[in-house]
Amino acid sequence: MSLLEIKDLHVQAGDREILKGVTFSMEEGETCVLFGPNGSGKSTLLASIMGYGQTKITSGHIFFKGQDITQMTVDQRARLGIGMMMQRPPNVTGVRLGDLVKVTAANGHGCTGHEAEFKMEDFMDRDINVGFSGGEIKRSELLQLSAQAPDFVMLDEPESGVDLENIGLIGRKVHELIYGSTTCGRPVQRVSALVITHTGQILDYIGADRAYIMIDGTIRCSGRPGELLKDIKENGYGDCKSCRTNVKIL
Amino acid sequence: MSDERENSVKKALGKEAAFGPSVDIDKFGEGETHPEQIGKLDDTPEDLKKKMENVGVTVDESHRDGTILFIDNGMSHCSNRAQEGLYIMDTKTALKKYDWARKLSWNVMDPTKDKYTAKTYLEDSDGYFIYVKPGVHLKYPVQTCMMLSKHKGIQNLHNIIFVDHDASMDIITGCTTVHGANDALHVGVSEIYIGDNASLSFSMIHSWSDQTAVRPRTNARLGKNARYVNNYVVLDPVGTVQSYPTAFLEGEGASCSFNTMCIAHENSNIDTGGCAFLNAPRSGAEILSRNITYGGSMVARGRLVGNAPGIKAHLECRSIVQKDGGVTEAIPELEAHLADVEMTHEAAVGKIAQDQIEYLMSRGLSEDDAVSMIIRGFLVGGIKGLPDSLRDEINRAIDKANAGN
Numbered sequence: 012m013s014l015l016e017i018k019d020l021h022v023q024a025g026d027r028e029i030l031k032g033v034t035f036s037m038e039e040g041e042t043c044v045l046f047g048p049n050g051s052g053k054s055t056l057l058a059s060i061m062g063y064g065q066t067k068i069t070s071g072h073i074f075f076k077g078q079d080i081t082q083m084t085v086d087q088r089a090r091l092g093i094g095m096m097m098q099r100p101p102n103v104t105g106v107r108l109g110d111l112v113k114v115t116a117a118n119g120h121g122c123t124g125h126e127a128e129f130k131m132e133d134f135m136d137r138d139i140n141v142g143f144s145g146g147e148i149k150r151s152e153l154l155q156l157s158a159q160a161p162d163f164v165m166l167d168e169p170e171s172g173v174d175l176e177n178i179g180l181i182g183r184k185v186h187e188l189i190y191g192s193t194t195c196g197r198p199v200q201r202v203s204a205l206v207i208t209h210t211g212q213i214l215d216y217i218g219a220d221r222a223y224i225m226i227d228g229t230i231r232c233s234g235r236p237g238e239l240l241k242d243i244k245e246n247g248y249g250d251c252k253s254c255r256t257n258v259k260i261l
Numbered sequence: 122m123s124d125e126r127e128n129s130v131k132k133a134l135g136k137e138a139a140f141g142p143s144v145d146i147d148k149f150g151e152g153e154t155h156p157e158q159i160g161k162l163d164d165t166p167e168d169l170k171k172k173m174e175n176v177g178v179t180v181d182e183s184h185r186d187g188t189i190l191f192i193d194n195g196m197s198h199c200s201n202r203a204q205e206g207l208y209i210m211d212t213k214t215a216l217k218k219y220d221w222a223r224k225l226s227w228n229v230m231d232p233t234k235d236k237y238t239a240k241t242y243l244e245d246s247d248g249y250f251i252y253v254k255p256g257v258h259l260k261y262p263v264q265t266c267m268m269l270s271k272h273k274g275i276q277n278l279h280n281i282i283f284v285d286h287d288a289s290m291d292i293i294t295g296c297t298t299v300h301g302a303n304d305a306l307h308v309g310v311s312e313i314y315i316g317d318n319a320s321l322s323f324s325m326i327h328s329w330s331d332q333t334a335v336r337p338r339t340n341a342r343l344g345k346n347a348r349y350v351n352n353y354v355v356l357d358p359v360g361t362v363q364s365y366p367t368a369f370l371e372g373e374g375a376s377c378s379f380n381t382m383c384i385a386h387e388n389s390n391i392d393t394g395g396c397a398f399l400n401a402p403r404s405g406a407e408i409l410s411r412n413i414t415y416g417g418s419m420v421a422r423g424r425l426v427g428n429a430p431g432i433k434a435h436l437e438c439r440s441i442v443q444k445d446g447g448v449t450e451a452i453p454e455l456e457a458h459l460a461d462v463e464m465t466h467e468a469a470v471g472k473i474a475q476d477q478i479e480y481l482m483s484r485g486l487s488e489d490d491a492v493s494m495i496i497r498g499f500l501v502g503g504i505k506g507l508p509d510s511l512r513d514e515i516n517r518a519i520d521k522a523n524a525g526n
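So the protein lines, in turn, are chains R and W.
First residue of the first sequence: 12, per the numbering used here; consecutive thereafter.
First residue of the second sequence: 122, per the numbering used here; consecutive thereafter.
No wet-lab data here; the hints were simulated from the structure.
Any given hint could turn out to be false.
[Stated by the list, open to error] Not the full set, but computed from the structure, chain R residues with beta-carbon under 7 angstroms of chain W: (1) Met83; (2) Asp86; (3) Met95; (4) Pro100; (5) Pro101; (6) Thr104; (7) Lys113; (8) Val114; (9) Asn118; (10) Gly119; (11) Gln155; (12) Gly211; (13) Leu214.
For each residue, glycine too, the CB sits at the ideal point set by N, CA and C.
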């Protein structure tokens, strides 16, 4: 049984079909990377897996740990062990980051009290994301995920908007999130991850088992992350060699 | 009182208030004037005690410098733990005792404002009188509690607060109904004076019954560098509340802030806000209004009038509509009489953004818990200097409101 299995998923945002039949699966402990041009549907796929309401599944199914989660609410999915690092999370005025971390830990499997490791100790009394810089938002998201300790984590461009000074810390924390750490006194266990990246910078910190390229709402091809990235850098998505030669992938 | 004034006030008995639905005063009989006397606060009857605690008034006085209780129109308890520097008594006694106190009576409030002030004036209503001597900084808040105890009764109060120059005080005032006095009217005229370099934080928590009519009338005058914070909280069901406290900033550098937090339940009609006249150079004002409607009607008002150079003022009316059924209005007004002013406003009415709810849900919170957390943050977030007890009270009311809706 795969950890995550997506079968012929069609998803609309507004009146427009964004995902046009996505099928793929991930195994326990596997880290996959999702490449693709802007607007190809990568973030929509992650939002659909999390269950966000701006996406509407018109057909197809999502299975997680063997359960059909297609109709589940966002919190049911979170409690099953799905976690998400949004690229641009909303501001939540009036709600303090520290309070969210506390309830997240209470509902999840992680723990509190580690804000200093994320350089977030001065942000715990601040409203969530309000006035945070790019790097601060990423650190805040990772702190929340460390409190949640999901079994499967989706990271939407974890390195975007992050300066050089922050990238090291963020990279290390993403590594800990996936490969486990002893900070919470819980057993070191590798979790699965699905990562969207444009630059591949985050791959300096985590190893990825497999990469997929999404174009125009479908997964076009798959391969080794390093090779695909090199190919995209050299030839662009339009002329990706892997996509030309590796047509049937699933 | 002069005949001329008396006549004009009598005429004002027919004058409707500028805002809010009209309340038929004649429908209500006189409230109790000689209520049961409570010697020690600890001896307060259990049913009253519970009601008092609901509105932030505690019988444990270890963290209160003074307490005054009114049941309908009579004082039921008065204690002063600060002693030196604090006068606390009923208004009638103060007006008999001190010449200077008489000068404060019906000075910042015009009795002809509307029929409610006129009635209070003509009946020579009692109320509480609180004075802090120059330079005295009270360590703990003074608490006052106004209870409505008579069904179909009217509570008519005339309160005077004077914080003399260089002094400071916090007041927590809780208003509630007891003994099933559901259909009753509360009228409270409060005249507030804050001297040069003095400060007053005045937190009012109201918990009425679903038919109660409430017409507070509060005016404040501020001296040089004086500071006035007015927190007004209505979280439980009420019939109708209309309140529009007004501050006159007469001293250079004076500042005031009005914070209003209301929940308009089904069948509640709430019309609140604040008004500041910035009459002195470099004075400042902030009016924040955060409201939630669960099918009730809610008007959030705010008015800033800039009459002096170098003033800064901001006004914010935000309402979340959780349930259809009522009307929610935000009415911000800015009025400048010269160029050198900086006055801004923001107003927003609508539902909670779905992406915020889902964001919190993705951390494992149920939808109800996510909504409660956002609403709690919405009501108290951004409002500085809120007492912890008030924060707890707000949390309790939000949980209750969400559970019932």
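Consistency of the hints with the structure:
At a threshold of 7 angstroms, the smallest CB-CB gap from Met83/R to chain W is about 11 angstroms, leaving the interface hint violated. Of the supplied interface hints, the one on Asp86/R holds, with its beta-carbon coming within about 4 angstroms of a beta-carbon of chain W, less than 7 angstroms. The beta carbon of Met95/R is positioned within 7 angstroms of a beta carbon in chain W (closest approach about 5 angstroms), and the interface hint is therefore held. A distance limit of 7 angstroms between C-beta atoms decides the matter here; for Pro100/R the minimum to chain W is near 6 angstroms, and the interface restraint holds.
Checking Pro101/R against chain W: minimum C-beta separation of about 5 angstroms stays under 7 angstroms; hint holds. Interface restraint check: Thr104/R against chain W, minimum CB-CB distance 6 angstroms, threshold 7 angstroms, status holds. Hint status for Lys113/R: violated, given a least beta-carbon distance of 11 angstroms to chain W, over 7 angstroms. The restraint placing Val114/R at the interface with chain W holds, with a minimum CB-CB distance near 6 angstroms, inside the 7 angstroms limit.
For Asn118/R, the interface hint holds, the least distance from its beta-carbon to any beta-carbon of chain W being 3 angstroms, beneath 7 angstroms. Interface restraint check: Gly119/R against chain W, minimum CB-CB distance 5 angstroms, threshold 7 angstroms, status holds. Contact between Gln155/R and chain W, as hinted, is supported at the beta carbon level, the nearest pair being about 6 angstroms apart and thus within 7 angstroms. Given hint, Gly211/R at the interface with chain W, is violated; its Cβ is 26 angstroms from that chain's nearest Cβ, farther than 7 angstroms.
Checking Leu214/R against chain W: minimum C-beta separation of about 25 angstroms lies over 7 angstroms; hint violated.
In this structure, the hints that do not hold are numbers 1, 7, 12 and 13, in rising order.
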